[in-house]
Every structure is written in structure tokens, then in C-alpha cells.
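Student: In full-length UniProt numbering, the protein residues as written are 1 to 215.
Treat each hint with caution, since some may be false.
[What the hints assert, rightly or not] List time: in silico PhoX-like cross-link candidates among lysine-lysine, alpha-carbon distance up to 25 Å:
| hint | residue 1 | residue 2 |
| --- | --- | --- |
| 1 | K179 | K149 |
| 2 | K149 | K198 |
| 3 | K198 | K118 |
| 4 | K166 | K110 |
| 5 | K142 | K179 |
| 6 | K113 | K149 |
Hints were generated in silico from the structure; no laboratory data involved.
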Amino acid sequence: MEKFAVDFTPWMSPTIRDYYSLFIKKANNNRAQLRSWVKEYSILKDGKTVNIAQKPIQLSPDARELFLTLQLQIGEEVHVGDWLTVDQDRIDQFAEVTEDRQWLHNDVEKAEKESPFKTTIAHGFLTLSLLPRLTDSVNPDKPLYPDAKMTVNYGLNQVRFPYPVKTGSVIRAHSRLIKVTPIKRGLEIEKEISVEIKNTRRPGCVAVSVVRVYF
1 MEKFAVDFTP WMSPTIRDYY SLFIKKANNN RAQLRSWVKE YSILKDGKTV NIAQKPIQLS
61 PDARELFLTL QLQIGEEVHV GDWLTVDQDR IDQFAEVTED RQWLHNDVEK AEKESPFKTT
121 IAHGFLTLSL LPRLTDSVNP DKPLYPDAKM TVNYGLNQVR FPYPVKTGSV IRAHSRLIKV
181 TPIKRGLEIE KEISVEIKNT RRPGCVAVSV VRVYF
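Given only the sequences and the hints, what does the whole structure look like? Please build it.
Tutor: This is the structure we're talking about:
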């Protein structure tokens with residue numbers, strides 16, 4: 001059966017024709033990007049091109065069991081940490097280690113007079129650095145993944161500090177599982193972590209933690 005294409009553009013209004021042309025242009029650009037991506041992630045094997053992005057990952061029995069378990073928990077809150085008080089001594093120690101001694105954090109008298117918060121506040125990076133403690137992931141007696149050979153902090157995504165943690169604040173972390181991806185010899189696990197400040201509506205920190213678990 002002979003195939004043919006009908007050009008409807010002569011019957012379109014000028015506005016619709018412009019939208020149609022823009023749609024076709026974007027579609028062609030997406031096809032070009034896809035071809036480039038496939039080429040970039042391809043290798044030559046036995047004279048044939050193989051897309052390595054589609055190469056299946058073989059998981060160990062322990063990794064597969066954890067993967068299936070975590071898949072059922074995606075979107076759920078999987079951990080709520082204990083409350084922790086952020087006092088001035090902790091803030092001062094952090095300032096000494098990082099050499100960030102801005103008066104907002106360390107000059108109590110000046111902060112009481114000039115800060116809009118009327119007190120010193122914790123460094124945003126201090127709050128961020130407390131995530132392992134707040135998520136209970138550094139407790140050797142309660143490992144999150146007891147069957148894993150090694151757990152690696154792979155990084156953070158979309159870090160924000162919506163509200164300052166004032167000195168003396170009591171905070172805790174809520175962890176929500178958002179993604180689990182098989183990788184070579186293990187899994188990559190992403191969790192959205194929100195640091196709650198007691199008696200405050202806005203969180204002190206929101207970040208996506210990326211951890212790699214190897215078996």
C-alpha cells in the first residue's frame with residue numbers, strides 16, 4: 001500500500017502554523033539529542049554497536065533483596081531521627097574548624113542588638129554536616145544496611161536552608177525515600193531529608209542525600 005503525507009499547513013491560521021512549526025522544530029531537536037546520546041553511550045563489540053546504557057546490571061542476592069524492599073517504600077517517610085539541641089558551644093566549635101567566624105554565628109552580644117533574629121544562628125553548613133547524626137546513619141550498633149560491605153556518601157542534591165537554626169534550637173531529621181537505582185556491585189539510594197526545627201513551621205534544611213551501598 002502506497003504511503004503518502006498530507007500537508008495541512010495551507011489550511012492553518014498563521015498563529016496555529018507558527019505553533020506547528022515550533023512543535024516540529026522541537027521534535028527534530030529531541031531526535032537529534034537522542035541520537036547523540038545513544039552514540040555517546042555506545043561501544044563497539046564483535047563488530048556491532050552496543051548501547052551500554054541498556055546493559056543489564058546483575059545484582060547480588062543481598063542487593064536484589066534490598067532493592068525489592070526499598071522499591072515498596074519509595075515516596076514514604078522511612079526515618080524520623082531523635083531531637084538534638086544546637087547550642088552555642090557546638091556553633092563555636094564549627095566556626096573554629098571551618099574558620100567561618102561571622103558575627104551572626106559567634107558574637108552573642110552583637111547578634112542580640114543587630115541581628116533580626118535577636119540571637120546567634122547556626123551555620124547552614126553546620127546543619128548540613130549534622131545530617132549523618134540526625135539520620136542515625138553513623139551508629140555502628142545500628143547500621144542502616146547491615147548486609148552491605150561498604151556504604152559511601154556519594155553527594156547531595158538541591159540543598160536549601162529555608163529558615164535559620166537559632167542557637168538553642170532543637171532539631172530532628174525526617175527522611176523520605178525518593179529513588180533506588182541498581183549500580184555495579186550495589187545500589188544508589190536517594191532520600192529527601194528535611195530538618196525540622198521544634199515549634200517552627202519552616203525547616204532548617206532540605207536536601208537530597210545520595211548514598212551508594214556496595215555488596
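Student: Would you pick out the hints that fail for this structure and give their numbers low to high?
Tutor: Hints 2 and 6 are the ones this structure does not satisfy, whereas the remaining hints hold.
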